[in-house]
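The numbering used here numbers the first residue of the sequence shown as 79 and each following residue consecutively.
In case anyone wonders, no lab produced these hints; they're calculated from the structure. Each residue gets a CB set at the ideal place from its N, CA and C atoms; glycine is no exception. Careful: at least some of the hints might be erroneous.
Unchecked claim - Pair ranges (Cβ atoms, derived):
{"no.": "1", "residue 1": "ALA206", "residue 2": "ALA123", "range": "40 to 48 Å"}
{"no.": "2", "residue 1": "LYS160", "residue 2": "HIS197", "range": "37 to 45 Å"}
{"no.": "3", "residue 1": "SER188", "residue 2": "ARG249", "range": "15 to 23 Å"}
{"no.": "4", "residue 1": "GLU201", "residue 2": "ARG101", "range": "42 to 50 Å"}
{"no.": "5", "residue 1": "THR184", "residue 2": "GLY265", "range": "46 to 54 Å"}
{"no.": "6", "residue 1": "GLN158", "residue 2": "GLU94", "range": "39 to 47 Å"}
{"no.": "7", "residue 1": "HIS196", "residue 2": "ALA257", "range": "30 to 38 Å"}
{"no.": "8", "residue 1": "VAL227", "residue 2": "THR131", "range": "17 to 25 Å"}
{"no.": "9", "residue 1": "GLU254", "residue 2": "LYS100", "range": "12 to 20 Å"}
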Amino acid sequence: CPWGYGAVLPRGLLREPLSSLKRADFAILTRADQVSESEREKILATISKYHPTLPCGQVAFAPRRLVNSEGETQGFSDVQGKLATAFCGIGNPRGFLQTLSGFGVTVEESQLLTFADHHHYSESDFEAILRQAQQRHAEVLLTTQKDLVKIPRTHLGDLPLWAVEIGAEWRAGESELAARLNPLVDGLERSS
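Please build the complete structure, drawing on both the sequences and the hints.
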């Protein structure tokens, strides 16, 4: 729901009304890869309704590698084909599932352990994660970087714990944004 149910907080999820788009200099549609082309067109049409000349970029968040709490990294090939248990405490758990499937790890939505957004993990949470992992005969635990920072461990029980490191990839609009930002950055550097 990109428009926060059409209302500002507390009735919806918007921090400002859509009419505030008229003050914008640039819009960036994030997770552009997770919606259809027709849905992207609807989003851009809504933006255009409020600001017909607003330039828009599109960004996708792509998995880069796996990282653990000690900063060690490994490639996705190291977990492909292994039975995994995944868990997260983020606002869009389905997006995490899509990310996992993007590098060859299949976790059914019903098997993803989800916690509330910004969840602080407890020992009982770790026990629940391990129980599910044991039931699935999992060989590895996967989570998000946002969750990993709250779990200063490389393993839960005997299972290695890895987070998916993601990075932004521009799909459209990168050069337009750079053209707008570079003069501002140059001006800041000259005034320093």
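Verification of the hints:
no. : hint                          : in the structure
1   : ALA206 <-> ALA123: 40 to 48 Å : holds (44 Å)
2   : LYS160 <-> HIS197: 37 to 45 Å : violated (25 Å)
3   : SER188 <-> ARG249: 15 to 23 Å : violated (31 Å)
4   : GLU201 <-> ARG101: 42 to 50 Å : holds (47 Å)
5   : THR184 <-> GLY265: 46 to 54 Å : holds (50 Å)
6   : GLN158 <-> GLU94: 39 to 47 Å  : holds (42 Å)
7   : HIS196 <-> ALA257: 30 to 38 Å : holds (36 Å)
8   : VAL227 <-> THR131: 17 to 25 Å : violated (40 Å)
9   : GLU254 <-> LYS100: 12 to 20 Å : holds (19 Å)
Comparing the model with each numbered hint stated earlier shows that hints 2, 3 and 8 do not hold.
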